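Chains as they are written, first to last, in full-length UniProt numbering: chain A, 1 to 239; chain B, 1 to 373.
Some hints could be false.
Said to hold, decoys possible - With a Cα cut of at most 27 angstroms, we get these calculated DSSO-like pairs of lysine-lysine: (1) B:56 <-> A:53; (2) A:201 <-> A:53; (3) B:88 <-> B:56; (4) A:99 <-> A:231; (5) B:56 <-> B:70; (6) B:88 <-> B:309; (7) B:2 <-> A:208; (8) B:350 <-> B:88; (9) B:2 <-> A:201.
Hints are computed from structural coordinates only; laboratory data are not their basis.
Since we're looking at a predicted model, the values are computed, not measured.
Chain by chain, the residues run as shown.
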Amino acid sequence: MEDVGLAAATHDVSLWALFMQAGIIVKLVMLGLMGASVWTWAIVIDKYVSFGKARRQFDQFEQVFWSGQSLEELYRTLAERQNTGLSAIFVAAMREWKKSFERGARSPIGLQMRIDRAMDVTMARESETFEGRLGSLATIGSAAPFIGLFGTVVGIMTSFQAIAGSKSTNLAVVAPGIAEALLATAIGLVAAIPAVIAYNKFSADAGKLSARMEGFADEFSGILSRQIDEKLQPRQAAQ
Amino acid sequence: MKGSLGTSLVLHTVALGFALVSLGTPASFDVADVEALPVDIIPVESITQIQQGDKKAPLAETAAPVPTTKPNIVQDAENAGDNEVDLKAPPTPVQRPIETEVAAAPEKTDNPLPNPTTETNTIKEIVPEETAPKPTEVAALPETKPEIAPEPTPEPTPEPAPEAAVAEELPLPDTIPVPAARPRPEPPKEQAKPAEKPAEKKPETPKAAEKPSDKKVADKKQETAKSTSSKDSDFNADEIAALLNKQEASGGGAKRSTETAALGGKKTTSGSSLSQSEMDALRGQIQNNWSIIAGIEGADGVIITVSMKLDETGAIIGRPEVTATGGSDTARRTLEGSALRAVMRSAPFKNLPVEKYDAWSEVVVNFDPSEML
């Protein structure tokens, strides 16, 4: 490793050369940070696409839901598909509703509770898909600079060892080692900065989407409780 | 997710590839060859210290004042010049008085030639005033007057007066070319002598009988009168200034120099600060006269600062200022008092070099009494 700094005095200092001259630890750090960066951007692209799709789907479903179409019909068309988001919540609630009435449920309060719970479970599952992998963005955003710093410290240690070895403090001896060490911090920052920005943006977006789902669930729960009251009242009156 | 991961990878490779291509080897810093500047460290004394010389003369190895002509009279003179007394004032130019002398002299000689009329006027003025015989007689007269006033006075006065009048009248018509200066001295002498003779002869008996001293006084006065009368011809009111100016111009020092003038200051100034040994000598002189009372409470850490103004003999001008810092109040006051007494007792300070007076005209000395116990 001592040779690295010495050799650098004469060798070129392009990015590739710097990387190749770096010690094994620094090299590993750099590679890891490159991987983190790739992963960050993969998540960013994925989230961007999926959040856009979810928002569009929410809009579509709300349009259909409030169009005055019969909920039974809507359920029948949606039940056969793979549902996500609002439609998934709707389908879960409707399924519970159907099951309860087919078996002749007596208690309107019990039915209401069961429907709410079914919707909550579905909502939790859906939110999980929205917020999934945002945690890794946060981790990369906070840890990448430190990892890069670690690489830098190791690299500078190496270049100081090179100084000790060459018994010369000539800038030409020291500079390449330090440049190579600083490259690790640079890559760490390159990975961390987009990760932090993306994490903030996507967690806010996920929050918005879950709030929308919650709002829909509450509204639908209200509609269903009115329906339950209307359907159970005549029965109780008849008895 | 796979799709986005792939996209991310592709983007990264593109970005890296671009970075590797565009951010290749950075241009190396080419340091232009700059000639090294030699740096000398010059002591500031060479600038602040000036050697005696001439401000207008060219620079030379050693500074020297303008060469003087007279032999050295005054020992250890400081200021260069031809003077007999070492004066600090710069020499006044010698040419001016010469000019006035020249200007004063021709006035007389010139005047008589072209203007006989003015001559006569001047003569008239001179004769009555200075025809010394009169004053001498008059001088003698007042003494004698009360005693033998009637006898001598009428005789001498009429005699010279007509003569003088004749003398005055004569030159007027005489001739123009005759220089006025020559005749003037002669006739008054002649006039004076006859005037004296009758004055002496006639009162001889009474004067001799009365007062011999009067004669002597009169004689002396006559002599002075003669001498003044002999000079009277030269005398002119304007001439006084010329006479005064005849004296050598004052100013300039008494230090002689034989070398050719070279660039330098008015006087040699040595280093502007006292050397350590000189400072120690001054300090020691004060310390010797300082009786510090041992065992003053709170005297630890008292620092006494004495600042005084000295004149060139080393005597203290005014009252030295003594300030003390640190320690207790009483200790400070006691030590301040003793320091002041010590300073006053040790004055005048004789060991200080006179040429460095600028440096010790105001001296500040610090003392740590705890070191002196």
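Going through the hints against the structure:
1. B:56 <-> A:53: Between residue 56 of chain B and residue 53 of chain A the Cα gap is close to 98 angstroms, so the pair fails against 27 angstroms, i.e. violated.
2. A:201 <-> A:53: holds (16 angstroms)
3. B:88 <-> B:56: Holds. Residue 88 of chain B to residue 56 of chain B sits at ~19 angstroms (cutoff 27 angstroms).
4. A:99 <-> A:231: Holds. Residue 99 of chain A to residue 231 of chain A sits at ~15 angstroms (cutoff 27 angstroms).
5. B:56 <-> B:70: Between residue 56 of chain B and residue 70 of chain B the Cα gap is close to 22 angstroms, so the pair holds against 27 angstroms.
6. B:88 <-> B:309: Within the cut-off at roughly 22 angstroms; holds.
7. B:2 <-> A:208: holds (26 angstroms)
8. B:350 <-> B:88: Holds. Residue 350 of chain B to residue 88 of chain B sits at ~22 angstroms (cutoff 27 angstroms).
9. B:2 <-> A:201: holds (22 angstroms)
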